[in-house]
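Position chain B against the provided structure of chain A, taking the given hints into account.
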Amino acid sequence: MLRLERRATPSSTMSIVSPLLAAAGMLVTGFLLFSALGKDPVEAFYLFFIKPLSTTYGIGELLLKATPLLLCGLGLALGFRANVWNIGAEGQLTMGAIAGGGVALWFGDSDSMFAMPLMLLAGVLGGMAWAAIPAFLRTRFNTNEILVTLMLVYIAQLTLSWLVHGPWRDPQGQNYPQSQGFGDAETMSVLIEGTRVTWGIVYALGLALIAWVFSQKTFAGFRMQVAGLAPAAAAYAGFSEKRNIWIALMLCGATAGLAGICEVAGPIGRLQQEISPGYGFAAIIVAWIGRLHPIGVVFGALLMSLLYLGGESAQMGMGLPSAITGLFQGLLLFYLLAADLFISFRLKRVVPITEPTLPTPAARIESTA
Amino acid sequence: MDQFANLKPRLVLTGITKRYPSVVANENVSLSVRPGEIHAVLGENGAGKSTLMKIIYGVTKPDAGTIMWNDQYEIIAAPSQARRMGIGMVFQHFSLFETLTVWENIAMALDEPVPTAKLAAQITEVSEKYGLPIDPYRLVHSMSVGERQRVEIVRCLLQEPKLLIMDEPTSVLTPQAVLILFKTLKRLASEGCSILYISHKLDEIRALCDTATVLRGGKVSGDAIPRNETNESLARLMIGGELAECHLIPREAKEVRLDVEHLSLESPDPFGTSLKDISLQVRSGEILGIAGVSGNGQKELMTALSGERLSTSGSMIKLFGQPVGALNPAKRRALGLTFVPEERLGRGAVPPMSLAYNALLTGARKGMVQKGLIHPSVMRTFSKHVIERFKVKCGDEQSVASSLSGGNLQKFIVGRETMLQPKMMIVAQPTWGVDVGAAQLIRQALIDLRDQGVALLVISEELDELFTISDRLCVLAAGRLSPSVKPAETSIEQIGVWMSGKFGDKAGDGAAPANSKLETAYAQA
Numbered sequence: 035m036l037r038l039e040r041r042a043t044p045s046s047t048m049s050i051v052s053p054l055l056a057a058a059g060m061l062v063t064g065f066l067l068f069s070a071l072g073k074d075p076v077e078a079f080y081l082f083f084i085k086p087l088s089t090t091y092g093i094g095e096l097l098l099k100a101t102p103l104l105l106c107g108l109g110l111a112l113g114f115r116a117n118v119w120n121i122g123a124e125g126q127l128t129m130g131a132i133a134g135g136g137v138a139l140w141f142g143d144s145d146s147m148f149a150m151p152l153m154l155l156a157g158v159l160g161g162m163a164w165a166a167i168p169a170f171l172r173t174r175f176n177t178n179e180i181l182v183t184l185m186l187v188y189i190a191q192l193t194l195s196w197l198v199h200g201p202w203r204d205p206q207g208q209n210y211p212q213s214q215g216f217g218d219a220e221t222m223s224v225l226i227e228g229t230r231v232t233w234g235i236v237y238a239l240g241l242a243l244i245a246w247v248f249s250q251k252t253f254a255g256f257r258m259q260v261a262g263l264a265p266a267a268a269a270y271a272g273f274s275e276k277r278n279i280w281i282a283l284m285l286c287g288a289t290a291g292l293a294g295i296c297e298v299a300g301p302i303g304r305l306q307q308e309i310s311p312g313y314g315f316a317a318i319i320v321a322w323i324g325r326l327h328p329i330g331v332v333f334g335a336l337l338m339s340l341l342y343l344g345g346e347s348a349q350m351g352m353g354l355p356s357a358i359t360g361l362f363q364g365l366l367l368f369y370l371l372a373a374d375l376f377i378s379f380r381l382k383r384v385v386p387i388t389e390p391t392l393p394t395p396a397a398r399i400e401s402t403a
Numbered sequence: 077m078d079q080f081a082n083l084k085p086r087l088v089l090t091g092i093t094k095r096y097p098s099v100v101a102n103e104n105v106s107l108s109v110r111p112g113e114i115h116a117v118l119g120e121n122g123a124g125k126s127t128l129m130k131i132i133y134g135v136t137k138p139d140a141g142t143i144m145w146n147d148q149y150e151i152i153a154a155p156s157q158a159r160r161m162g163i164g165m166v167f168q169h170f171s172l173f174e175t176l177t178v179w180e181n182i183a184m185a186l187d188e189p190v191p192t193a194k195l196a197a198q199i200t201e202v203s204e205k206y207g208l209p210i211d212p213y214r215l216v217h218s219m220s221v222g223e224r225q226r227v228e229i230v231r232c233l234l235q236e237p238k239l240l241i242m243d244e245p246t247s248v249l250t251p252q253a254v255l256i257l258f259k260t261l262k263r264l265a266s267e268g269c270s271i272l273y274i275s276h277k278l279d280e281i282r283a284l285c286d287t288a289t290v291l292r293g294g295k296v297s298g299d300a301i302p303r304n305e306t307n308e309s310l311a312r313l314m315i316g317g318e319l320a321e322c323h324l325i326p327r328e329a330k331e332v333r334l335d336v337e338h339l340s341l342e343s344p345d346p347f348g349t350s351l352k353d354i355s356l357q358v359r360s361g362e363i364l365g366i367a368g369v370s371g372n373g374q375k376e377l378m379t380a381l382s383g384e385r386l387s388t389s390g391s392m393i394k395l396f397g398q399p400v401g402a403l404n405p406a407k408r409r410a411l412g413l414t415f416v417p418e419e420r421l422g423r424g425a426v427p428p429m430s431l432a433y434n435a436l437l438t439g440a441r442k443g444m445v446q447k448g449l450i451h452p453s454v455m456r457t458f459s460k461h462v463i464e465r466f467k468v469k470c471g472d473e474q475s476v477a478s479s480l481s482g483g484n485l486q487k488f489i490v491g492r493e494t495m496l497q498p499k500m501m502i503v504a505q506p507t508w509g510v511d512v513g514a515a516q517l518i519r520q521a522l523i524d525l526r527d528q529g530v531a532l533l534v535i536s537e538e539l540d541e542l543f544t545i546s547d548r549l550c551v552l553a554a555g556r557l558s559p560s561v562k563p564a565e566t567s568i569e570q571i572g573v574w575m576s577g578k579f580g581d582k583a584g585d586g587a588a589p590a591n592s593k594l595e596t597a598y599a600q601a
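Just so you know, the sequences run in chain order A and B. With the working numbering applied, the first sequence covers 35 to 403. With the working numbering applied, the second sequence covers 77 to 601.
Please keep in mind that the hints were generated in silico from the structure rather than gathered at the bench. One or more of the hints may lead you astray.
Claimed, not checked - Derived PhoX-like pairs: lysine-lysine, alpha-carbon spacing no greater than 20 Å straight-line:
no.: 1; chain 1: A; residue 1: K251; chain 2: B; residue 2: K442
no.: 2; chain 1: A; residue 1: K276; chain 2: B; residue 2: K407
no.: 3; chain 1: B; residue 1: K394; chain 2: B; residue 2: K259
Stated by the list, open to error - If you only want the chain B side, here are some residues facing chain A, beta carbon under 8 Å, derived:
no.: 4; residue: M161
no.: 5; residue: L386
no.: 6; residue: E419
The model shown is predicted, which means the values in this text are computed figures rather than measured ones. We put the CB at the ideal spot given by N, CA and C, even for glycine.
This is chain A alone, in the form it adopts within the complex (with noise of 0.2 Å):
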């Protein structure tokens, strides 16, 4: 018989562990859910996770993916850690495409070098606006940031879109709902040749290295981490639950508004109205994934830009259907919440007592008596 038991300490192991279990998890499901479409599941994992690695334009796409979700699932670590429940950085990450593909716009086709700086700085300062309504309105009336951060996701989506449908609308552009091509100094320059890859993701790694040192290293960091794990601690020690907040939703604020504009003046080059497939979203699973730890997060985002990729080869090589990769996203997340069970529980095989051997208390009881 097994049982349950409460570790005397969390094992730290077990927290590494954890996400390579649920990635286990995850393949051994897909390898079922292959086999039970009739599709052969060596093939299928090949086109899911070898394909898309196996060219330097492949390893790009794989990095490019990235980028944003490791921004996001930056600013998300930051926050949840804090135990701010931020989960609209999709709607920060498209009000940041707006703020910094608006002053693309502005420039034209300028090659005047403030226009890369300035669009970057408008992009943080649009996620940080956007990020701003949630943290006042939590820390004015006490309305749930849960609430709150995911419906300003759909406002921000539909400005977008009423944007590229209207004023924004490029007039030469067939009545398609996008603006303007960026001009060439208003577009990131490649990173490597023969990829799509920008400068962004050396941003999104140095942001890393700096989240890192926040959040191990400086009294600000320590102070949200209390925050996070024992709030009465936190009044106790007389750090403001207020400026946690504002700190929180700020720093994923601009993470995420960076993403944002470095999508848009990337990849993308204009303003449209579909502009990430929810990498907002699925930085939530990187955020939990990376353990909440900015180093981990690098790692959660390349797993994460990996099934994006593997989807989209799988859908192209075998006709499978594009939900393969919320599918395997969930499953991801679904193994990761059951194997970190185990990081403060174990399991512990326990002997049933079986009849008691005969005993003598009548001995006691004399003694005592």
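Frame of chain A, contents of chain B only:
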């Protein structure tokens, strides 16, 4: 004990052993209880008393050993089985829903549904029979702690138990309520019910219990007949050494460091206690003790003084002459205030963080943070000093807070706040759940601070403790503060009367408690 000599034991535990991942809670523990016997289980915190009771009540399964109930071997798999066998337990922390009535709370605990009217009649009958009057239709949130305990006891008695387990029942009661409880328990015993009485209060055990099993470090360190023992001899069995005494040498208090004037504060919690017109002063080099049962505004007073809750008018609380009502805890700390909350895990310490990081929680100003960056070496050195000076039992400063026993964590928190060199220190329940030896260490540390000129405010439920360490003493009851009095000029009985809220009406005279004439008058009243 002779009166039981001819009776067969009702419950016999033999060789009970229970191991947890990091600790052996019970090792080869044996005890027996006869019908009508009040049997004390005595031991320091962490000695394994609660684990043993949970094993009897079916909450926890032992790794080894046997339980014999009325000459039958039993494996008690669940509390419901224990209840069917006739074992009832009153826990230290009540499990009542405040928004429900008495009968609703009791109905939920029954294994079989009983019609309301019938149940209410039963409740009234049982409660009157044992001198525990309660109205079955009253809402629990409107009841005092003592009344809530009655609900818990009546809930057990309805099952007509053969064995009643009481876990530290007097920690929440006024001295007068303790006497009533003892009467009830003696009545029950005289009807043949066995009682297992868990406590670390030696006086109570000597007054109430027929027999005692003393636990130390999970093992039985001796059996005793409490009536034939002294507090010293019982303490020796319990802690395995002599009990040190604290002494307070009278000294002149100096300037006022904490000055609270007419502080009134609504509780944000609908079931909390609002503070009503509280005035007090604490001077350099004195300890002001605040007695009273928890839930009478202790938590609210603590958070108002610490700054976790800000006051509407900033000038009602003055620290070192400066109005601080609008300052948050960090700013009050910066002025030289430190404080120890009654809740250790989760408020006084962050459970999953190491002791070193828990030192950083309030010690940032002691050089642990420079230019916004954490200095791990300073943090670790500080924690090592606390661990060493306060004899905190733990792996090292990297051990996580939640791995420490409650008493050891309390030593660490008190030690941390002490070694931050405060000018004013507020301590809530300094020795709650702390073993006798450690309690002595903590009390001495507080007295040492006082002798160095620190002003201390100690909120405690332990009257003996307050009588030992306070220069002045007052009572917080129903959100109101009594006048203060010197311990030598009052008695436990007097304080007990004050604890029930009867200390006259201070409204109108506006006198600060420092008014000694008034105090003496109240003390003599």
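Given pair status - B/K407, A/K276, alpha carbons within 20 Å: holds (16 Å)
Hint status (Cβ of B/M161 to nearest Cβ of chain A, threshold 8 Å): At 16 Å from the nearest chain A Cβ, B/M161 fails the 8 Å test, so the hint is violated.
Hinted contact B/L386 with chain A - closest CB pair below 8 Å: Status violated, d = 11 Å.
Given pair status - B/K442, A/K251, alpha carbons within 20 Å: holds (17 Å)
20 Å limit on alpha-carbon distance, applied to hinted pair B/K394 and B/K259: violated (46 Å)
Chain A contact restraint on B/E419 - CB to CB distance below 8 Å: Hint on B/E419: holds, closest Cβ of chain A at ~7 Å, below 8 Å.
Checked against the numbered hints given earlier, the structure breaks hints 3, 4, 5 and satisfies all the rest.
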